[in-house]
Amino acid sequence: MKHGARGVSEESVLGKAYDARLMRWLWGWVRPHRHLVGLSIVLFVAVSGVQLVQPYLVMVAIDRYMLRGNVAGLNLIALLFLAAILGEFLFRSLEIYVMERTGQAVILDLRRALFAHLQRLPARFFDRNPVGRLVTRVTTDVESLNEVFASGVVTVAGDLVKLLGIIGVMLWLDTRLALVTFTVVPVMLALSLFFRVRMRDAYRRMRLCLARINATLHEALAGMHLVQLFNRQDRQYAEFEELNRAHLAADTGSVIYDSLFSAVIEWVGTLSVALIIWYGGREIISGAITFGVLVAFIEYTQRFFQPIRELSTKYTVMQAAMASSERLVALMAEQPEAGARTDLPASITGVTSSARGELTFENVHFHYQEDEPVLNGVSFTVEAGRKVALVGFTGAGKTTISKLLVRLYEPTAGRILLDGVDIRTLEPRNLRRRMGVVLQDSFLFRGTIAANITLDDPAITRRRMEEAACAVQADRFIRDLSGGYDHQVQSRGSNLSTGQKQLLAFARALAFDPEILILDEATSSVDPVTERRIQSALAKLTRGRTSLIIAHRLSTIVSADRILVLHQGLVHEDGTHAQLLARDDLYARLYRLQAGRESRK
Amino acid sequence: MRGILIPLMGSLGGMSSLMAVWFGGRLVAVGTISLGDFVAFSAYLGMLIWPTVAMGWVINSFQRGRVAMVRLQEILDLPPETDEGGGDMSITELHGEIEIRNLTVSHIENGPPALHNLSLRIGAGETVALVGPVGSGKSTVAEILPRFLRVPDGTVFMDGHDINRIPLSVLRRHLGYAPQEAFLFSRSLRDNIAFGLENPAADEVERAAALSGLSRDLDGFPAGLETLVGEGGVTLSGGQRQRTALARALVRGPRILILDDSLSSVDSETEQQILDGLEQSTQRRTTLLISHRLTTASRADRVIVLDAGRAVEEGTPGSLLAQGGLFAEMCRRQEVEGSA
Chain U
45 MKHGARGVSE ESVLGKAYDA RLMRWLWGWV RPHRHLVGLS IVLFVAVSGV QLVQPYLVMV
105 AIDRYMLRGN VAGLNLIALL FLAAILGEFL FRSLEIYVME RTGQAVILDL RRALFAHLQR
165 LPARFFDRNP VGRLVTRVTT DVESLNEVFA SGVVTVAGDL VKLLGIIGVM LWLDTRLALV
225 TFTVVPVMLA LSLFFRVRMR DAYRRMRLCL ARINATLHEA LAGMHLVQLF NRQDRQYAEF
285 EELNRAHLAA DTGSVIYDSL FSAVIEWVGT LSVALIIWYG GREIISGAIT FGVLVAFIEY
345 TQRFFQPIRE LSTKYTVMQA AMASSERLVA LMAEQPEAGA RTDLPASITG VTSSARGELT
405 FENVHFHYQE DEPVLNGVSF TVEAGRKVAL VGFTGAGKTT ISKLLVRLYE PTAGRILLDG
465 VDIRTLEPRN LRRRMGVVLQ DSFLFRGTIA ANITLDDPAI TRRRMEEAAC AVQADRFIRD
525 LSGGYDHQVQ SRGSNLSTGQ KQLLAFARAL AFDPEILILD EATSSVDPVT ERRIQSALAK
585 LTRGRTSLII AHRLSTIVSA DRILVLHQGL VHEDGTHAQL LARDDLYARL YRLQAGRESR
645 K
Chain P
1301 MRGILIPLMG SLGGMSSLMA VWFGGRLVAV GTISLGDFVA FSAYLGMLIW PTVAMGWVIN
1361 SFQRGRVAMV RLQEILDLPP ETDEGGGDMS ITELHGEIEI RNLTVSHIEN GPPALHNLSL
1421 RIGAGETVAL VGPVGSGKST VAEILPRFLR VPDGTVFMDG HDINRIPLSV LRRHLGYAPQ
1481 EAFLFSRSLR DNIAFGLENP AADEVERAAA LSGLSRDLDG FPAGLETLVG EGGVTLSGGQ
1541 RQRTALARAL VRGPRILILD DSLSSVDSET EQQILDGLEQ STQRRTTLLI SHRLTTASRA
1601 DRVIVLDAGR AVEEGTPGSL LAQGGLFAEM CRRQEVEGSA
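So the protein sequences, as listed, match chains U and P.
In the working numbering, each residue carries its 1-based index in the first sequence increased by 44.
In the working numbering, each residue carries its 1-based index in the second sequence increased by 1300.
Hint data in this document are derived by calculation from the structure and do not stem from the laboratory.
Errors might be hidden in some of the hints.
Taking lysine to any residue and the SDA-like style, the derived pairs with C-alpha atoms no more than 25 Å apart in a straight line are [as the list claims (entries may be wrong)]:
{"id": "1", "chain 1": "U", "residue 1": "K358", "chain 2": "U", "residue 2": "L235"}
{"id": "2", "chain 1": "U", "residue 1": "K358", "chain 2": "P", "residue 2": "G1356"}
{"id": "3", "chain 1": "U", "residue 1": "K358", "chain 2": "P", "residue 2": "V1353"}
{"id": "4", "chain 1": "U", "residue 1": "K358", "chain 2": "P", "residue 2": "A1354"}
{"id": "5", "chain 1": "U", "residue 1": "K358", "chain 2": "P", "residue 2": "S1565"}
{"id": "6", "chain 1": "U", "residue 1": "K358", "chain 2": "P", "residue 2": "W1350"}
{"id": "7", "chain 1": "U", "residue 1": "K447", "chain 2": "P", "residue 2": "I1306"}
{"id": "8", "chain 1": "U", "residue 1": "K447", "chain 2": "P", "residue 2": "W1350"}
{"id": "9", "chain 1": "U", "residue 1": "K358", "chain 2": "U", "residue 2": "F335"}
{"id": "10", "chain 1": "U", "residue 1": "K447", "chain 2": "P", "residue 2": "E1481"}
{"id": "11", "chain 1": "U", "residue 1": "K358", "chain 2": "P", "residue 2": "N1360"}
{"id": "12", "chain 1": "U", "residue 1": "K358", "chain 2": "U", "residue 2": "V373"}
{"id": "13", "chain 1": "U", "residue 1": "K358", "chain 2": "U", "residue 2": "L254"}
{"id": "14", "chain 1": "U", "residue 1": "K584", "chain 2": "U", "residue 2": "A515"}
{"id": "15", "chain 1": "U", "residue 1": "K358", "chain 2": "P", "residue 2": "G1310"}
{"id": "16", "chain 1": "U", "residue 1": "K447", "chain 2": "P", "residue 2": "D1567"}
{"id": "17", "chain 1": "U", "residue 1": "K358", "chain 2": "U", "residue 2": "Q379"}
{"id": "18", "chain 1": "U", "residue 1": "K584", "chain 2": "U", "residue 2": "E427"}
{"id": "19", "chain 1": "U", "residue 1": "K584", "chain 2": "U", "residue 2": "L630"}
{"id": "20", "chain 1": "U", "residue 1": "K358", "chain 2": "P", "residue 2": "V1358"}
{"id": "21", "chain 1": "U", "residue 1": "K358", "chain 2": "P", "residue 2": "M1355"}
{"id": "22", "chain 1": "U", "residue 1": "K447", "chain 2": "U", "residue 2": "V373"}
{"id": "23", "chain 1": "U", "residue 1": "K358", "chain 2": "U", "residue 2": "L525"}
{"id": "24", "chain 1": "U", "residue 1": "K358", "chain 2": "U", "residue 2": "D245"}
Heads up, incomplete: computed chain U residues facing chain P, CB under 7 Å, no partners named [said to hold, decoys possible]:
{"id": "25", "residue": "Y100"}
{"id": "26", "residue": "M110"}
{"id": "27", "residue": "V115"}
{"id": "28", "residue": "L118"}
{"id": "29", "residue": "L126"}
{"id": "30", "residue": "A127"}
{"id": "31", "residue": "I129"}
{"id": "32", "residue": "F133"}
{"id": "33", "residue": "S137"}
{"id": "34", "residue": "E263"}
{"id": "35", "residue": "G267"}
{"id": "36", "residue": "N275"}
{"id": "37", "residue": "V339"}
{"id": "38", "residue": "L614"}
{"id": "39", "residue": "V615"}
{"id": "40", "residue": "G619"}
Bear in mind that the values here come from a model prediction, so they are computed numbers and not experimental data.
Beta carbons are placed, not taken as given, at the ideal position from N, Cα and C, and that holds for glycine.
Take these sequences, add in the hints, and give me the full structure.
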């Protein structure tokens, strides 16, 4: 049992050990490998067979040879016994191997499917689900299903086969003695039921405590600088201590039941041996059974109790697996990102634009959370090849507009048209190919500079890549790096400056040569030289291309063909720099804000 | 490995039975021992198997335990951050005067210095803005004051005491630090704001929330200040998180308030309102403003411009603008929006 490996925010409360719906789901994944499962069942029957034959051989040895002084016969029995042992070893090894193979094969499929599914999920899903939790799904939860194969469901089925086999052999050897021996079974079942419920509850409490400890620890470590800064160490320790004590109590409870249960089962086993000796001994004296039968009975009862003792462990494995399945089912049920919608009219009648790259927002509404509208009916058109700057306060919805354009989200009402076509009717893949997005914080991958520009797209030749880098003047700093274009970028580009990352992102956008450029201008200040370089690169990038720029820099805004001022989810003003200044409204206020503050001081 | 070990254990038991039957059976057959002896012997042999096998497991888990112990020891052996006997226990109050003298410090040992021969003085009650490009060392200054980054003796002083002599708990009690990355705990907003208080009084928390411009948002939450944050509770916007973190810093009534770009996700107008509120509150405190918004920096009594770990300009915002140096250049380039 691997407690420690559970996720931090795990809802580690265990429920049922068997759920028909989840088992059907699980079977769906096992089905392709059912030949392996079948093989392991055959092997399990074989193992049970060679195991059950062993006490029988001892019986024969006693009755036919030992008591009759037949040494030669004993050699034969010994050989058969050896064969049974070798068979057991062989079948059991194979069985475990096949079982683990099945588990691994299923896990592989499941991980693949999960990852592929995650890649298709819409951005909204990732807003709701922290990365850590998703990682736990793909790793820990899947792993706990593996446990089912390694020591769970197949073994339980096999154990049942073995138990039935033992009962059958005992009844066949001597019905009356068998029935006397089985009188302990109801006692054992009652005890098992009694303990199972308590053990499960204790175990569940322990898991809950552990989950709380994990969560608290995670938070305390993540916020350690705050704990220290606010001198909260003592109280934080007291909180941790309380949870720790609760865990100890739960753990102790679990251990008490565990040890009591296994002692009680042991005791019942011994009781049954006593019964066999008491009743079987009388039957020997009366000649009803032989010595060998008695010895075989004792052996069989011992084998009978072994699987029962392990049942509680398997029960918890199954519980964990069911809980994991439940979460995986929920994850797989998440709706993937919408593809091309066919239920919508593709284009508006009357407006057939032959222009490449004309963008229209038609009364677009949007909210991330039900009661917090971000866009309240935004309408505007960007003619093909024009450069439009979006300005407004933080939270005005500028970034949201760029996300809607690439269909990371869909408008809650209204439409977005590209050359007169509703973008929801386009395959997201095709739509995104036509758009180049440069984010505020350009994301760089671990890999070479070249790979970061081309994103390993084979359609982009080395020459085109280098041309793009030259055009945005990124080549100067790239050539200064060790290895030039083959310089290794560290994770998230931590070895490059902000300005350099910006230039690389521009080169990337230019190399892909999109019809439409969406640019979220970086806000962090860079040195004047880099600043000038970025501005000239930007001019190059936007030339003749429909561009929507979420602008922060004055120079960018002033050079735009048009400026859209967003305020409270609406287009508040729309016009050129000169027009808007003349209007003397929000834009003029925004523009003068700085100057005003400065003169006040 | 599992695939061999488990069957091997089973076969070991079988082997012992085999030996008993083959050899013991012979002895019974020729009459050397009785059948009872044989049965008892077999049973004892069976009992012997399990402990033998278990020994292997025990040795195995011992080895794993030893590895774990070494790892734990590594953590336990790390020297804790203490006053190392250098704390001057007579220092119990600070007034908020800060002085840095010729400080050169780097984040990594022998690494490139984050601050270069930096000297500055901030008087008690003064509001000073630190500005400069990314990586110029602004946040490093903020890290030095709570001693998250250790400085050499004789370089940083508070009220004339060497910062390394001030007991950590005293030093930190007087600091209010609101970082840009506002980390909140999964508890109620009230508990988050009262994080640094021993016995929080309700009105203290409410005052701090009001001062941080959080009051309006509280009305929108299901349970006001008792609303849970994070998983199982509300998801706060970046600006709300930052304002909560600010309230957490303010509630302790700090003598030194460090705002490390701590209102970057709050829109300019709200930020200005909050700063107005802070200016008007009666509490006297030294304020260190680190901000990308130059409108914010311009509110300070004094601006210190850092570049590559050096203080390159210093003066009142007006004088710096007139001087036409880096600050003036940055202001000129600063966005219209004012939300860097």
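**Q.** Earlier hints that do not hold, by number
**A.** Of the numbered hints given earlier, those the structure breaks are 5, 7, 8, 9, 17, 19, 22, 23, 25, 30, 38, 39 and 40, listed in rising order.
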